[in-house]
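Enquirer: Chains P and H, in that order, give the protein sequences. Numbered by the working numbering, the letters in the first sequence go through residues 4 to 292 in order. Numbered by the working numbering, the letters in the second sequence go through residues 18 to 710 in order.
One or more hints might be untrue.
Said to hold, decoys possible - Subject to a maximum C-alpha distance of 30 Å in a straight line, what follows is the list of computed DSS-like cross-link-like pairs (lysine-lysine): (1) H:LYS556 <-> H:LYS311; (2) H:LYS252 <-> P:LYS291; (3) H:LYS241 <-> P:LYS291; (4) H:LYS252 <-> H:LYS556; (5) H:LYS311 <-> H:LYS345; (6) H:LYS241 <-> H:LYS252; (7) H:LYS101 <-> H:LYS182; (8) H:LYS311 <-> H:LYS347; (9) H:LYS182 <-> P:LYS291; (10) H:LYS581 <-> H:LYS556; (11) P:LYS176 <-> H:LYS236; (12) H:LYS252 <-> H:LYS236.
Hints are computed from structural coordinates only; laboratory data are not their basis.
For reference, the chains in residue letters:
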Amino acid sequence: MSRHTPSEEIFPESGLDEPITVEPEPESGPPTPQEDAAVRNYIFIGLAALVAVFLVLARRGLGSWSLLPVLVGLLGLTLRWRASSVLFLLVLCGLIYYQETMERVQVRPFDRRGFRTFHLPDWLLSGAVLAYCAAHARLLGLTVFIFPPDRRRREEPASQPTGRPRWFSRSPKQRRPSRLVNPWEVSWLVLSLPVWAFLAQVCWKLLPTHLDAYNLEPATWQGIILVWMLAVGLFLAAGFLSYAGQQQVTRREALLFFQDAVWQETRREQRRIGSWLAWARLRRRREKS
Amino acid sequence: MLTSRGWWFLITVLSLLTLGVFDERSTLTVLSLTLLFWFLGNWLLFSLRLRFAVPSLRIRREVHDERGLVDTLWTGRTFLVRVKLHLSSSLDLPYFLVTDRVPRGIERLQEESERDGALAAEEALVLNYSIRCPAAGRIRFEGLALQLADFQGFFYAVTFIPGVKVYRVLPPLADVEGHRPSVKRHNLLPSPGVHRHLRPGSGSELLDLRDYLPGDPPKTIAWKVSARRDRLITKEFESEVPIRCTLFVDTSQSVRVGIPGQNALARLVEIAAATAQATLGARDLIGVCLFDEKGVSRLIRPARGSRHLVHLFNLLADAAALVPATGKAKVDQLLPRAYSFAQEVYPYLLRPEINRMPGWISWLWPLPLYTGRRSGPVTLLARGLFVLIASLPLAGLFLLCYFLSDLLYPILPVFLPLPPLLLEITVGFFFLSLAVLYYALANVAYRFLTRVLAGRRRRLARWRKAMAALLAQRYGLMPGGLGLLLEDNGPMVHYLQQFLAEHHIPYPLPLYDRQGRYLFASPGKVDVLARALLRAVGKGRDNELFVLVVDLLELVDHLDPLLKAVTVTLTRHHQILVLCPWPPGVPVPDQRRRRGEGEKGRRGEGEREGGRSRHSSTGLTVSPSPLLPFSPSPLLETVQQATTGRLHLAFRQLQRTFARLGVPVVCAASGDPVRLILDRINQLKAVGTGRRR
């Protein structure tokens, strides 16, 4: 038995039977098992990432402290805590930083230049942390909101005021429906994790380690080179995007661009002429009246 | 573009990267670089989608009724809007939310006008919802607002996909059967659309006999009478002509005031449409003349037929869509409304890359420089106070110099070896120039402080530049139009009103000028109407009915040209009926005074006025305005009563003025004006046959 939408109920014979690829209408109500599966997949990825993080930290000798970032991450996954990924990163990096500092000072003199070869534990750790952050962010998009809440719109209808101030009522939040989760997006995320981690290792390896010109520390040089690399990369990407945007401007946008360029160049002259024209118009009006 | 979630993530990652790089922490650095590269990759992908996929989205909009696709809508009926969004790019859009901007004044019945989804290449998404138009006019669909986000909610973009489509909303189909006369006035009625007239014509009823004239058709010769009188006698037949009714519909500024769809013009259009249908239902001829204070905009000669009716409906729908525009509004009131609308519908024309305003300009100069707001008394007082307070240190210095003059005077000749008189003059000039310089500096400081504190003015200046550029490009004022709109408030107000009116956005208008004169009286329409009426009389035939649907309440003292035209019309044996629109929310005039005019079936009106109070000075019945959702204050109530009383007096004066000529004046807000017009038409028919019988 076919199911009619409300529009079809109003116009049962309106001739709207043109074959079009149409997504099913969004439905409210309890989530279907398929929708649950979308959320469950990301929770599973996050949990797996936390397990991996725990194992890597335990191998580094952090002992029971390894549980701390895992707990923060678990809270984020279960309570849909928005600040959880940032806190997870801070706690994790704080632990690593503390451990490396203690190793430098007490246990053994650590090579300050660090390793420059492929390091499997760090590769695993990077991939796991990335998996957790991505899964947590996507989970928030599915269960909390994906678009920033619009403060101009309030959930409280104007016809049923509850007496609360308007600023107190919440803005409606737009979640990404689970029905729109494509199985490929989960697969692509899992497959891309080692690539990003490997890319970071390659970049770190390519940074020069013994550059000490101008009495600057090698670490400072590394930072400068990294900032330059990122800046040049961003500049090129932004330039390409800007050029692509200019290639696609409409006639109205192009006219507006030229008009703005003319105005920027002849702003003072236009201002003077405009003022005189306004003066003449007002004078004519006064003379008429 | 970045959401708060994205900002927090980016800031955290960059902080960790800085710590890792500059402190040589390999694990931290690799970890941060992994997250940063992933973040940048997502940014690049999102930007590519925004640059390439979004511009390739196309909209196709269709409106259906129960029978299929339609191009025009009808008031009060339900229609299905179907919007199809098609992606013709090779890039996909993984998640977005589209919202159809439902035109103002339309009721959305079922389903939401927004929908989220994902689109792959060459796919389409369809949005369906039902609407109903409560009033005639035009509706304008602008397009779809698009919100785009990535999977993580790090990046976010809002844009608009233009797809303008304008539909005409025709007036409602009236109950024609209900308007047909139910009372049988005569035993013999001509067939529908044919009315006998006491003039020679080509009808079937005999009118008179006369001598034969060369050229008369032989078949009209009355042979028996000719034989009896021994000369040729010709039969003359009655002229069977239809009743012709012409509606003169006022579309001037005075009837456009108010909420679109609920103003006086909407009511007039509704009456005109119902009259046209009822008249054409009786196979009479009807024409329409639309006029305003500038002249006759459209004149349709009386005719009949379904095509003629549709033509009239289209004209009336266009007239109902007219909005008031006087050019007297303030820029500061129109600008925020226009800018917020442009931000929503034309975000691509407000981008800083193509529409930029240097921020420092609004800090240095006011915008506009010449026609800007003049300093009022409060401003002058504030400036005077500021300069006075700022001058206190200078006054103290002068006093100090005065008290120490005995000490300073012997020293001065050492520095200025001048004669004593010249020395005194020099010192005087020095202090005078010091005071002038100080005064100027205090004024400059005051202006600078007012610029610093006037954040709203700076914001308005920025909006003005953006809107001036958009309007100059839209209305073809380039290249100098931008400068003109920035400096002159007059053209800016004009084009802002035009922009808002084209997009059916209501905007505030001042009803009175500084001298307290009503700005929407439109006195020019009296001359226009008089000329149009005389022209119609000149081209008219036999018994015609002219219905003047015109707002004359504010023009009672300027009716001379119209009264002359009405007199000419009546001397030509035509009939005239004046239908006066009534402001919404104001109680209609007392019905008891009009009972003697032959209007029946309205006795219930007076009974419904039980809750009204009688105004003490004018003796008129007034009631609280239904427009006010709260209990009015005494002052507001007094103003409302005074306005009501003034309108009632004007209406009565109008009735008296036209009653001297025998022309009835009817209030459009009371009873059933369509029935009254049809009664008049029936009276015309009765006159034709009554004389005969």
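Enquirer: Broken hints, numbered, in rising order?
Expert: Numbers 2, 3, 9, 11, in rising order.
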